[in-house]
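> Each chain is listed here by its residues.
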Amino acid sequence: MSIARKGKDLLRRVALTVNGTRHELELEPRELLVYVLRERLGLTGTTVGCDTSACGACTVLVGGESVKSCTMLGVQAEGFEITTIEGLATNGDLHPVQQAFHEHHALQCGFCTPGMVLAAVSLIESGGATDEEAIREGLEGNLCRCTGYHNIVEAVAAAAGVI
Amino acid sequence: MAVIETRETFVGTSVKRREDASFLTGRATFIDNLTLPGTVYMAVVRCPYPHARIASVNLDAARAAEGVVAAFSGADLAEDWKGSLPCAWAVTEDIKMPPHFPLAVEEARHQGDGVAVVIAESRALAKDAAELVEVDYEALDATADVERALEDGAPLVHADLGTNECYVWKLETDGVQAALDAADVVVTRRYVQPRLIPNAMEPRGVLAQVGPTGEATIWSSTQVPHILRFALQIVLGIPEAKIRVIAPDVGGGFGSKLDVYAEEALVIALAKRLGRPVKWTEERSENYVATIHGRDTVHELTFAATKDGKITVVKSEAKCAMGAYLQLVTPGIPLLGAWIYNGPYDIPNYSVTFTGVFTHTTPTDAYRGAGRPEATYVLERTMDALAAELGIDPIELRRRNFITEYPAELASGLTIDSGDYHASLDRLLELLDLDSIRSEQTARREGGDTKLLGVGFSTYNEMCGLAPSRILGAIRYAVGGWDSATIRVQPLGSVQVVTGTSPHGQGHETSWSQIVGDQLGVALADIEVLHGDTAVSQLGMDTYGSRSLAVGGVALVHASAKIVDKARQIVSHQLEVSADDLEFADGTFRVKGSPEREMTIQAAAFQAHSAHNLPDGMEPGLEATATYDPPNFSWPGGAHAAVVEVDTETGDTRLVRYVAVDDVGAAVNPMIVEGQVHGGITQGIAAALWEEAVYDEDANLLTTTMTTYLVPTAAELPSFETDLTETRSPTNPLGVKGVGETGTIASAPAVINAVVDALSHLGVTDMQMPATPERVWRAIQEVKA
Numbered sequence: 001m002s003i004a005r006k007g008k009d010l011l012r013r014v015a016l017t018v019n020g021t022r023h024e025l026e027l028e029p030r031e032l033l034v035y036v037l038r039e040r041l042g043l044t045g046t047t048v049g050c051d052t053s054a055c056g057a058c059t060v061l062v063g064g065e066s067v068k069s070c071t072m073l074g075v076q077a078e079g080f081e082i083t084t085i086e087g088l089a090t091n092g093d094l095h096p097v098q099q100a101f102h103e104h105h106a107l108q109c110g111f112c113t114p115g116m117v118l119a120a121v122s123l124i125e126s127g128g129a130t131d132e133e134a135i136r137e138g139l140e141g142n143l144c145r146c147t148g149y150h151n152i153v154e155a156v157a158a159a160a161g162v163i
Numbered sequence: 001m002a003v004i005e006t007r008e009t010f011v012g013t014s015v016k017r018r019e020d021a022s023f024l025t026g027r028a029t030f031i032d033n034l035t036l037p038g039t040v041y042m043a044v045v046r047c048p049y050p051h052a053r054i055a056s057v058n059l060d061a062a063r064a065a066e067g068v069v070a071a072f073s074g075a076d077l078a079e080d081w082k083g084s085l086p087c088a089w090a091v092t093e094d095i096k097m098p099p100h101f102p103l104a105v106e107e108a109r110h111q112g113d114g115v116a117v118v119i120a121e122s123r124a125l126a127k128d129a130a131e132l133v134e135v136d137y138e139a140l141d142a143t144a145d146v147e148r149a150l151e152d153g154a155p156l157v158h159a160d161l162g163t164n165e166c167y168v169w170k171l172e173t174d175g176v177q178a179a180l181d182a183a184d185v186v187v188t189r190r191y192v193q194p195r196l197i198p199n200a201m202e203p204r205g206v207l208a209q210v211g212p213t214g215e216a217t218i219w220s221s222t223q224v225p226h227i228l229r230f231a232l233q234i235v236l237g238i239p240e241a242k243i244r245v246i247a248p249d250v251g252g253g254f255g256s257k258l259d260v261y262a263e264e265a266l267v268i269a270l271a272k273r274l275g276r277p278v279k280w281t282e283e284r285s286e287n288y289v290a291t292i293h294g295r296d297t298v299h300e301l302t303f304a305a306t307k308d309g310k311i312t313v314v315k316s317e318a319k320c321a322m323g324a325y326l327q328l329v330t331p332g333i334p335l336l337g338a339w340i341y342n343g344p345y346d347i348p349n350y351s352v353t354f355t356g357v358f359t360h361t362t363p364t365d366a367y368r369g370a371g372r373p374e375a376t377y378v379l380e381r382t383m384d385a386l387a388a389e390l391g392i393d394p395i396e397l398r399r400r401n402f403i404t405e406y407p408a409e410l411a412s413g414l415t416i417d418s419g420d421y422h423a424s425l426d427r428l429l430e431l432l433d434l435d436s437i438r439s440e441q442t443a444r445r446e447g448g449d450t451k452l453l454g455v456g457f458s459t460y461n462e463m464c465g466l467a468p469s470r471i472l473g474a475i476r477y478a479v480g481g482w483d484s485a486t487i488r489v490q491p492l493g494s495v496q497v498v499t500g501t502s503p504h505g506q507g508h509e510t511s512w513s514q515i516v517g518d519q520l521g522v523a524l525a526d527i528e529v530l531h532g533d534t535a536v537s538q539l540g541m542d543t544y545g546s547r548s549l550a551v552g553g554v555a556l557v558h559a560s561a562k563i564v565d566k567a568r569q570i571v572s573h574q575l576e577v578s579a580d581d582l583e584f585a586d587g588t589f590r591v592k593g594s595p596e597r598e599m600t601i602q603a604a605a606f607q608a609h610s611a612h613n614l615p616d617g618m619e620p621g622l623e624a625t626a627t628y629d630p631p632n633f634s635w636p637g638g639a640h641a642a643v644v645e646v647d648t649e650t651g652d653t654r655l656v657r658y659v660a661v662d663d664v665g666a667a668v669n670p671m672i673v674e675g676q677v678h679g680g681i682t683q684g685i686a687a688a689l690w691e692e693a694v695y696d697e698d699a700n701l702l703t704t705t706m707t708t709y710l711v712p713t714a715a716e717l718p719s720f721e722t723d724l725t726e727t728r729s730p731t732n733p734l735g736v737k738g739v740g741e742t743g744t745i746a747s748a749p750a751v752i753n754a755v756v757d758a759l760s761h762l763g764v765t766d767m768q769m770p771a772t773p774e775r776v777w778r779a780i781q782e783v784k785a
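Chains as they are written, first to last, in my numbering: chain A, 1 to 163; chain B, 1 to 785.
Treat the hints as calculated values from the structure; they're not laboratory data.
Bear in mind the structure is a predicted one, so any value in this text is a computation, not a measurement.
Cβ coordinates follow ideal geometry from the N, Cα and C atoms, glycine included.
Among the hints, erroneous ones may be present.
Using C-beta positions, here's what the derived DEER-type ranges look like [claimed, not checked]:
id: 1; chain 1: A; residue 1: G161; chain 2: B; residue 2: D426; range: 33 to 39 Å
id: 2; chain 1: B; residue 1: L36; chain 2: A; residue 2: D131; range: 46 to 52 Å
id: 3; chain 1: B; residue 1: L36; chain 2: A; residue 2: R22; range: 40 to 46 Å
id: 4; chain 1: B; residue 1: S22; chain 2: A; residue 2: L10; range: 35 to 41 Å
id: 5; chain 1: A; residue 1: G161; chain 2: B; residue 2: D435; range: 31 to 37 Å
id: 6; chain 1: A; residue 1: E137; chain 2: B; residue 2: S22; range: 58 to 64 Å
id: 7; chain 1: A; residue 1: D93; chain 2: B; residue 2: D586; range: 29 to 35 Å
Same shape as in the complex, but just chain B (with noise of 0.2 Å):
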């Protein structure tokens, strides 16, 4: 008698990624790593004036300049654009959507606004003629600054528009004001939430080779090869079915190659006209000013409350910066958090008004977390505020708000599926030992420290998975939000997996394994995961929005059971028995009773390539695609704390602990969580002490290297305690919800908080993010006074 094996799961378990050995060895394929023959490099002139009328653009001493193939103006390149740039939320029907050629004509509207291009022999020789290229600008006034932008005569960036307001949305329900008139007591806070440059080590990248009958190949380093095709078809007129995208590794995303640019449309009209390659990369100040930006918000929130802290309204009214011009999802950012403004929180009146501003700046558009970190900083800042005011412990204010009964239907329309917020506190105070925080805190004050210890919280949740399609449709989203999978047993065993996500950095290849794995019964080593080619995945919706495991990875469940069906048919055949008397487990069919009698799923993948034996009317082969509606968003949540060390003498403070409790639904890898969770906090870490993109009154960019814009580096961070509390998702069969983002949402108040309780005691009730040393001190200096 055969001995049934039972093993472990993949699933669950910390499998070491498949991905890292071309990475540790220098065998990575980025975009700059890759060349055809014949390639010839293109580099962007762009204006170095936040707003200017052009002139005139000569391009005489370029084109005579050596190895240089060809220039043009955008004058020069006006014809080949079928489509302008295209934005795929239009949030309200009156929004205002100017048009964005890949090249400038008559006048560009923010620093690095492209305004011709030069082709040449290479890199270097490219970049001699693009300064030889002269145009002679009209500079014009202008503004970085979202309030100045919506004054009477404030400097217009798209004049025929007659404002600056992109477009007005708002979504409240009914009594608002009802409940704001009948509370015990009101708290309003005004929140400026900083620019953010997004600094994916990997600036973009892209090279683009167009064929004799039009057929245009474009290599990117872009997180949504899908999105992009279609994209360019609207911009080149190309059919899509003649466009492949191919995403090769691509170093980090952050929402910033989430987007549709104008050096992707470039390379390939280029390419058309010279009928050779054509190659472009960033540079990494190019990237500070051609890439996108994120946050960029001013804020006021509201909470109204009963004495006993019971909050019954939460009202936000946001400023938010477009920027010059609308890229893929620019207005769209700030409704991405719209319907958390309630956080974990049950708040039963709810109103929320975002105004979209353009302004003469780079374009914002998603950077991780993307309107969820904007909601959740304001929500949580004025929670801390609320406490104070009450005079109630800010965690027992949390605690006596926290949504509790699933499913939660929220004041907002959306419904939370499952969560356990009490949960994550609990545990977060179990690892965090709050009472000695507080007597050091207190030891310190009494004993005339200068260096004073703060400590500050964030509970918080998220909606991602983005997204079920109706409810896309229902906020004016032009695409859908469903995702594919593609498994194919070949006839020797191995499986190949396509994914319509496309990783960079976040280790589907592993991950995704792992879920077939298990789903298939087959060993690691037999599956090959394929992503990032649009002419090997067709059906995709890519990666961004914490998206691709609750939405990607559960097609492949899918997926993998359409296999498993076919399979089982083969077997219930071939072993002549009835298909409802096969078991499957372990990869293996076996019939109920009868054990010895069996057929691994590999053996009927041979058979239903080899068609010998197939019951009637069964095609052969053993492939299958699912794709994959979400019906609902996952929720993620959890607490998180910081302990800062505050220099009242200089102002610096420094993190000392943060500990992290998430509750990410079921974890498939929890190495890789935890590598998210790192990251994810990092990066709201940083928005909070160091990173701000910094504008002067007249729109120049004054961050524009590494260095000015202060990307941390290993020696300003602690390391993390991180843990994991597990609520499964109902909504879908793997029981997860994503965890790309829920670090940057939940981290950045935490820390403003502990900077702002570490200096309560002297009066300080406010810090703007980044609390720079001068701010800091500056603060303490304010209340002294």
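Isolated chain A, as found in the complex (with noise of 0.2 Å):
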């Protein structure tokens, strides 16, 4: 990481790998992670549901590991490679969580689907959605308001073939 100056602001030149795609990018040491792939990336699938980090929308995988994207800043992940729910289709596939999601009607408005599903993603590979407990706890962090969790959990289950 190196500094840079902008006024009277120190800026941090930062390298950081956005699905798939390198950036560099000169950030305030303020900047939260989700404002820089929102904002300094154009990536706006990851969406801000609150102020303290409570809601789970702005959920990426850092390194392959779910975290809320409002609880990083911008300059800790230098170096990391991180997956936006924009980066999850290959080649215009839907990864099959995001294809549960649609099967089992896991969705409504969509503003938590893009953190929800990663956080699913993470959840399964980790190993973690071995049951109806297990996945709801594992989904904890993650808030709906549209869904009552139902769906969302027999999506995520679905996917991890666990029904």
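Given two chains presented individually in distinct reference frames, assemble the corresponding complex, making use of the accompanying hints.
Have a look at this one:
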């Protein structure tokens, strides 16, 4: 990480990889990762639902693990590989979790969906989605106000192959 | 000879949602994802006190801060407002309707009341500078309590009114007192229903641009683009014809975006002043004080009954919090439940009184169910209380009082067109297996288990499909309840459907295409549904009150019929047969008896546009608009049951099972219906067990985040067991009734009845919502003492 000056602010040069593309950015130290993704890189699929790290809407994968991107500064992402919802499908084919959300009607307004999908991907890949209870506990950090979670749990269980 | 294919209808099948793709891939158009060249960002300085005189506002430091474009106090912008933020429902002739301008000038009346704005080149710079605004507040006494607010000497929200009483509204039939006097038994219970914060996952947001000749475009996370358009003329004086409102993807509403908010007027006024697009994105902590709340009522509910359980009187008196100002429909929210205080029961004598009360709190307004959860809660809780009083099983008591004949004329004056409450309850009991729950309950009680089981019921109905315009007029609502659809068959056969409804999660694009696909006999892939932009959809009354399908969906049927009629004239002309000799099925007109002579509706559309050979006098094109005003409300109903496990040592209550059987009429898309039920019951369960906006004695909001106001997570909830019974509504051609609010209306009383049931053998007879561990534990200690 190198440091450059812009006006009276310290800007830090940060290199991070998002959805397979490397970006070199000059960031203010206070910029949260979620705003770096949304405003610097235009990746608005990651949404902001609260200001207390309670809702999980901004969940992304950092080094493969789910992270609420409002709990991390952009400068802390130096060197990490980040996956956002825009990077989850491959060659136009939905990821199995995205597909399962569609099949099971696991989204309504869609605002929590990107974070919920990425939290689910991480849960499944870490081997944590073993049964309904584990899925419910594993998604505890992500709020949804539309679905009552019923269909989300079904979708994740289906994608995880546990139903 | 051509083979006439018959196919399944789209309506009634769980077509997967066409809306999903953009959300699943991160390509949604939520407001905060949108920016225009030159956009500047607004931050609102909000009063931290529940009630304060604004002595002065000093903007010098903010104006001098980095990146700041402008800053204004309430006084600076006062001349921009041609009218108050409107309240559309003057429920009585003498209702007190104090003005409500986008920024407070002399006095702030609740925490979060806006007092100044700062506009800067970025969101962060606007927020930085907002912290430099110096407001000299003189704190004043305040109260958030509806009962205290009515006492003599209570701090007044609007001192010039001389009272906090906003209105008293009453609906009473003759003979209530006589029936009370004649009753074998009279049961009266008091209920406090907590204030709820809607918590749509997307906070509000607005972006506005004003052109050089004053034409304004606003993108808003609103449920009501059409209502917002005319409200903005009232506030800003810009002719409606020059205002375009766009509701792009909207991340949930639940009533909280059924409103006209200060920030919507502010961004337009500022965009006009500054000549640049202005954007504002609400933060969640702002949302908790600046976006409407729901509920917050104190009821006294009385039943009179014969000794064999026939209820003869329902009488309700309620104090209902308005908050500090009247938002769009604030005073009318209790009235949305006013006609269903009999629920699904035949009760001949009826008395409902509401007292609207100003308190120093965020305004209340529609939150999922809006008036009907309040009514159903007190009714279904008192049903159990009456059952206990009479020694009759609560299920049997409900059955003895069910309405069974339709149309059912209610004492309250409305007419239920259809229903079968016994059928829903029968199906519920099949799914529930009550006998084994009761034996487990008994075994645990007898075995001294500290985790007790309880089962609670709620049988309900609601009036939705808002609403017949004449009735709305009669109850003093300012606008109509119709909705509109325009269908346009393009020259090459694709179909544009323009709806006046404004979905924000309900899946109208999918369901509406199913309806039109059946009506016109075209493939779903040929249909595009457009909504949420007043430049595209000129006529509409938007989405709230479980109205979209029962009103807007029916408008689709009528518009389709006009399309088919015109196409029939074209085909008749071209095939040189009488229109009466044409049959229309599966998108094709065929000559009766000569089915090889045929023309598809899409071919007719090409002819309509080429206009080479149309009947004399026919206008080219194949487009039709229908506006549908429903003749009656729609009347969903059903039966719900909750099974809870209560830990007597900690008071912790866990929902073990939830079974819901609803009659929503015909289900256009059963998958979407089920999703609405899931979401609805979750919000009622949450009100029963977790959610409560808590204010202290001085009207400071204590539950200011999603971690102190307990929005439930997946971990607290079970999977749900749901089913449908179906009685088609005879009121509309689709047979539909609406489903958006049923779950929320039915579920809270079922859960609380279950909690009380779990503890009833100990002597517990009541439990206030939400049944927090502390409340449950205290209730157990009280009966022990």
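> Now tell me if each hint is right for this structure.
Hint-by-hint comparison with the structure:
Between G161 of chain A and D426 of chain B the Cβ separation comes to about 37 Å, which falls inside the hinted range of 33 to 39 Å. At about 48 Å, the CB distance of L36 of chain B to D131 of chain A agrees with the hint of 46 to 52 Å. The hinted range of 40 to 46 Å is not satisfied by L36 of chain B and R22 of chain A, whose Cβ atoms lie roughly 29 Å apart. For S22 of chain B paired with L10 of chain A, a C-beta distance near 38 Å keeps the hint of 35 to 41 Å intact.
Under the hint 31 to 37 Å, the C-beta atoms of G161 of chain A and D435 of chain B, about 36 Å apart, fit the expected range. Distance hint check: the CB atoms of E137 of chain A and S22 of chain B are about 30 Å apart, inconsistent with the given range 58 to 64 Å. Range check, D93 of chain A to D586 of chain B: Cβ separation about 33 Å, and the 29 to 35 Å hint holds.
Comparing the model with each numbered hint stated earlier shows that hints 3, 6 do not hold.
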